[in-house]
Amino acid sequence: MIDRSSRLRLARQVRLKADPRSGKHLLLYPERGLELNEIAARVAALCTEEITVGEILDRLAEAAAAGTPRERIDGEVLEFLRALEARGLLTVGGA
Amino acid sequence: MSEAPRPYTLVAELTYRCPLACGYCSNPLDLARHADELDTAAWTRVFGEAAALGILQVNLTGGEPLVRPDLEALVAAARAEDLYINLITSGIPSDAERLGRLASAGLDSIQISIQDSDRQGAAWIAGRDDLEAKLEMAAAARALQLPLTLNVVLHRGNIARVPEFIALAERLGAARLELANTQYLGWALANRGALLPSRAAVEEARVHASAARQRLRGRIEILFVRPDYYADRPRACMDGWARRYLLVTPDGIALPCHQALGITSLHWPSVRAQSLDAIWSGDPSFGAFRGEAWMPAPCRSCPERETDFGGCRCQAFALLGDAAATDPACALSPRHDLVIAARAGAEEAVAQIAPPPIRLRRFRSAP
Chain F
1 MIDRSSRLRL ARQVRLKADP RSGKHLLLYP ERGLELNEIA ARVAALCTEE ITVGEILDRL
61 AEAAAAGTPR ERIDGEVLEF LRALEARGLL TVGGA
Chain E
1 MSEAPRPYTL VAELTYRCPL ACGYCSNPLD LARHADELDT AAWTRVFGEA AALGILQVNL
61 TGGEPLVRPD LEALVAAARA EDLYINLITS GIPSDAERLG RLASAGLDSI QISIQDSDRQ
121 GAAWIAGRDD LEAKLEMAAA ARALQLPLTL NVVLHRGNIA RVPEFIALAE RLGAARLELA
181 NTQYLGWALA NRGALLPSRA AVEEARVHAS AARQRLRGRI EILFVRPDYY ADRPRACMDG
241 WARRYLLVTP DGIALPCHQA LGITSLHWPS VRAQSLDAIW SGDPSFGAFR GEAWMPAPCR
301 SCPERETDFG GCRCQAFALL GDAAATDPAC ALSPRHDLVI AARAGAEEAV AQIAPPPIRL
361 RRFRSAP
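Taken in sequence, the protein lines are chains F and E.
Using this note's numbering, the final residue of the first sequence is 95, and nothing's skipped along the way.
Using this note's numbering, the final residue of the second sequence is 367, and nothing's skipped along the way.
Certain hints may be false.
Said to hold, decoys possible - Beta-carbon label-pair distances, calculated as ranges:
1) F:A86 - E:V225: 33 to 39 Å
2) E:D95 - F:A18: 31 to 37 Å
3) E:A324 - F:G67: 53 to 59 Å
4) F:A86 - E:G173: 18 to 24 Å
5) F:P69 - E:A42: 52 to 58 Å
6) E:A139 - F:T68: 30 to 36 Å
7) F:R9 - E:D337: 49 to 55 Å
8) E:A349 - F:A18: 50 to 56 Å
9) F:E49 - E:R98: 39 to 45 Å
10) F:P69 - E:R305: 38 to 44 Å
11) E:A236 - F:S22: 19 to 25 Å
12) E:S104 - F:A86: 43 to 49 Å
13) F:A63 - E:E306: 34 to 40 Å
Rather than coming from a laboratory, the hints here were simulated on the basis of the structure.
For glycine and all other residues, C-beta sits at the position ideal for the given N, C-alpha and C.
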């Protein structure tokens with residue numbers, strides 16, 4: 001289970017790429033692709049194992065529009081990360 | 001013809017040569033007529049044209065792509081276009097060192113097929129047993145940190161061993177396990193009487209796969225593709241005709257799917273004569289079944305038409321001789337009786353003990 005102390009990296013089969021057509025970022029993996037919005041792309045790029053999930057949340061909060069409730073940012077980012085994990089697209093390391 | 005959508009995946013059939021002779025092969029029955037293979041330069045051009053069309057992934061497949069001596073160069077050419085590269089292979093001829101060179105050239109992932117965990121079963125369906133060599137190739141892929149998909153095509157002869165295939169995927173450290181029931185076209189249609197499992201066997205396999213999917217969630221992605229003969233609704237074949245996939249045969253014929261050459265009522269273009277862009281957006285065969293204008297009743301007013309795109313055109317042609325007919329796999333097809341009769345045959349066959357005769361995929365065997 002992903003929590004704030006987890007260190008994440010994209011699974012081996014996943015490649016993060018900017019789509020030359022749309023400029024949007026994509027996660028490419030065998031036989032599929034997942035188009036990411038701007039925030040999701042930023043989150044995916046931070047999954048490098050160098051920082052914890054807590055630090056990812058902090059960085060997203062810093063970059064968010066003023067007045068965005070912190071609980072909403074944390075909730076949405078964690079939901080996205082857990083969805084990626086459930087699809088086998090993230091590897092979860094320890095604290 | 002409606003406007004061409006964006007293709008995402010190029011299926012590059014590099015050769016129809018293959019050391020195996022699987023009786024469910026998706027290659028055409030007249031293999032030997034496609035022996036004039038595109039060379040390295042031609043494939044390199046095709047990869048460039050594919051990337052320019054917006055394609056993001058390439059599946060290097062066959063036949064057996066490992067029999068191409070220029071496979072390393074082809075991987076490098078696809079990598080130069082920044083395509084995500086899947087190698088779809090039987091793992092034979094096995095060569096762990098070569099796998100290292102392919103990984104260095106830019107391979108993103110590898111799919112290795114296992115015909116059976118039972119040696120006699122493998123020999124029955126493929127004409128030979130290569131399990132040990134395949135397991136060595138899978139281990140070599142893992143040692144190279146190449147993401148591994150294990151693929152097993154399911155049929156009456158091996159479907160009872162789904163739990164063993166799951167255990168094998170765990171042991172090999174696969175990232176994905178594809179348990180794909182045979183699609184009854186081409187060689188598999190010729191062998192349907194020997195291959196179609198009973199409904200009970202399919203259901204049992206599905207239950208095993210579903211339990212393993214829960215248990216291995218986040219570790220191994222488990223796909224279970226049901227046979228459309230038991231689904232009552234057709235599969236969304238290739239995510240719709242000429243909608244997401246573009247396939248090129250070893251000799252350069254462009255198709256919307258593996259089986260489309262079987263639709264002999266259509267004429268198919270060649271990448272030797274035209275660009276992929278001209279083919280994808282302008283060829284009348286590619287446009288023939290895009291959108292909904294071609295749909296017969298009951299498809300044209302069916303609420304499922306945006307989900308299944310009317311099913312498989314190749315199956316409609318293979319079973320009915322009319323590529324624009326409703327897919328007989330659909331319970332709403334006026335000719336669904338053909339599929340029901342095939343199911344009844346499978347139930348009777350289960351009572352037999354000896355493995356049924358099968359026609360192996362060989363270059364020289366006449367269709």
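Quick rundown of the hints versus the structure:
Taking the beta carbon of each, F:A86 and E:V225 are about 20 Å apart, not inside 33 to 39 Å as hinted. As the Cβ distance of E:D95 to F:A18 is approximately 35 Å, the hint placing it in 31 to 37 Å holds. Roughly 56 Å separates the CB atoms of E:A324 and F:G67, a value that falls within the hinted 53 to 59 Å. At roughly 19 Å, the beta-carbon separation of F:A86 and E:G173 lies within the given 18 to 24 Å, and the hint holds.
Checked against the hint of 52 to 58 Å, the C-beta distance between F:P69 and E:A42 comes to roughly 57 Å, which is consistent with it. Between E:A139 and F:T68 the beta carbons are some 48 Å apart, a value that contradicts the proposed interval 30 to 36 Å. For the pair F:R9 and E:D337, the beta carbons lie near 53 Å from each other, so the given range of 49 to 55 Å is met. As the Cβ distance of E:A349 to F:A18 is approximately 52 Å, the hint placing it in 50 to 56 Å holds.
Our hint of 39 to 45 Å for F:E49 and E:R98 is violated, since their Cβ atoms are close to 31 Å apart. For the pair F:P69 and E:R305, the supplied restraint of 38 to 44 Å holds, since their beta-carbon distance comes to about 42 Å. Hint check: E:A236 to F:S22, Cβ distance near 23 Å, so the stated range 19 to 25 Å holds. The hinted window of 43 to 49 Å between E:S104 and F:A86 is violated, with their beta carbons roughly 32 Å apart.
Against the hinted window of 34 to 40 Å, the Cβ-Cβ separation of F:A63 and E:E306 comes to about 37 Å, which satisfies the hint.
Hint compliance for this structure: hints 1, 6, 9, 12 are not met, and every other hint is.
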